[in-house]
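A.B. asks: Could you put the whole structure together from the sequences, leaning on the hints where they help?
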Amino acid sequence: EAQVTQNPRYLITVTGKKLTVTCSQNMNHEYMSWYRQDPGLGLRQIYYSMNVEVTDKGDVPEGYKVSRKEKRNFPLILESPSPNQTSLYFCASLSGNTIYFGEGSWLTVV
Amino acid sequence: GQNIDQPTEMTATEGAIVQINCTYQTSGFNGLFWYQQHAGEAPTFLSYNVLDGLEEKGRFSSFLSRSKGYSYLLLKELQMKDSASYLCAVRRDRGSTLGRLYFGRGTQLTVWP
Chain G
1 EAQVTQNPRY LITVTGKKLT VTCSQNMNHE YMSWYRQDPG LGLRQIYYSM
51 NVEVTDKGDV PEGYKVSRKE KRNFPLILES PSPNQTSLYF CASLSGNTIY
101 FGEGSWLTVV
Chain W
1001 GQNIDQPTEM TATEGAIVQI NCTYQTSGFN GLFWYQQHAG EAPTFLSYNV
1051 LDGLEEKGRF SSFLSRSKGY SYLLLKELQM KDSASYLCAV RRDRGSTLGR
1101 LYFGRGTQLT VWP
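Protein chains in written order, with the numbering used here: chain G, 1 to 110; chain W, 1001 to 1113.
Careful, some of the hints might be misleading.
[Claimed, not checked] To be clear about the criterion: a stretch of chain G counts as covered by chain W if any three or more of its residues have a C-beta under 8 Å from a C-beta of chain W, and this derived list gives those stretches:
| no. | segment |
| --- | --- |
| 1 | 40 to 49 |
| 2 | 90 to 99 |
[To be verified] Looking from chain W toward chain G, a few residues come up when the C-beta cut is under 7 Å (computed):
| no. | residue |
| --- | --- |
| 3 | A1039 |
| 4 | A1042 |
| 5 | K1076 |
| 6 | F1103 |
| 7 | W1112 |
| 8 | P1113 |
Since the hints were derived computationally from the structure, they do not count as laboratory data.
A virtual CB, placed ideally from N, CA and C, is assigned to each residue, including glycine.
C.D. replies: Below is the structure:
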């Protein structure tokens, strides 16, 4: 079954404590992306990756890092989380005209 | 980003037809997507248009006019479960932004009995 899996699904953390949200896809897709979704602002792209070792900034990359060491994984790293990074995060992979979204990760930074 | 506009909210009654519009301004246009998203869940794919015209898929249809930068999603025979947010997304292919997707802010549709 085609899947994009992200973890954790829910996390409450404190300001400044580094965290990583993992994302893994089992479809051998080259293109992967991270989005955050906030009320009234829709889905905004954080980073995307066209292939292994190729990553680019999206619209809201500040405060985030990513890596793409292997095709299936695309982790999102918050080196020093702040409360304005409280959001719902989606990982996605794309092949042709089909986008597969993960189930979402609810992140709260206090 | 790109200018993608869609109404914030719409309401309709069960059994009715509703049309959700989306306008966009972009260069390097390479397709428009419609997604449905229920609160707290991941978006699910509804349709994809890259050429002008109407694509029909069951109760849902999507239309595209590239010259006008305009698309609409038509939902027929509305059901309560159609209450959700509907996202319009444009794919842009140009240089380093190959394959990037830009989402509108979504239209929250409420279906009343």
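A.B. asks: Would you mind marking each hint as holding or not holding in the structure?
C.D. replies: Hint check:
no.: 1; hint: 40 to 49; result: holds (count 7)
no.: 2; hint: 90 to 99; result: holds (count 5)
no.: 3; hint: A1039; result: violated, 10 Å
no.: 4; hint: A1042; result: holds, 4 Å
no.: 5; hint: K1076; result: violated, 23 Å
no.: 6; hint: F1103; result: holds, 4 Å
no.: 7; hint: W1112; result: violated, 22 Å
no.: 8; hint: P1113; result: violated, 26 Å
Violated hints for the displayed structure, listed by number in ascending order: 3, 5, 7 and 8.
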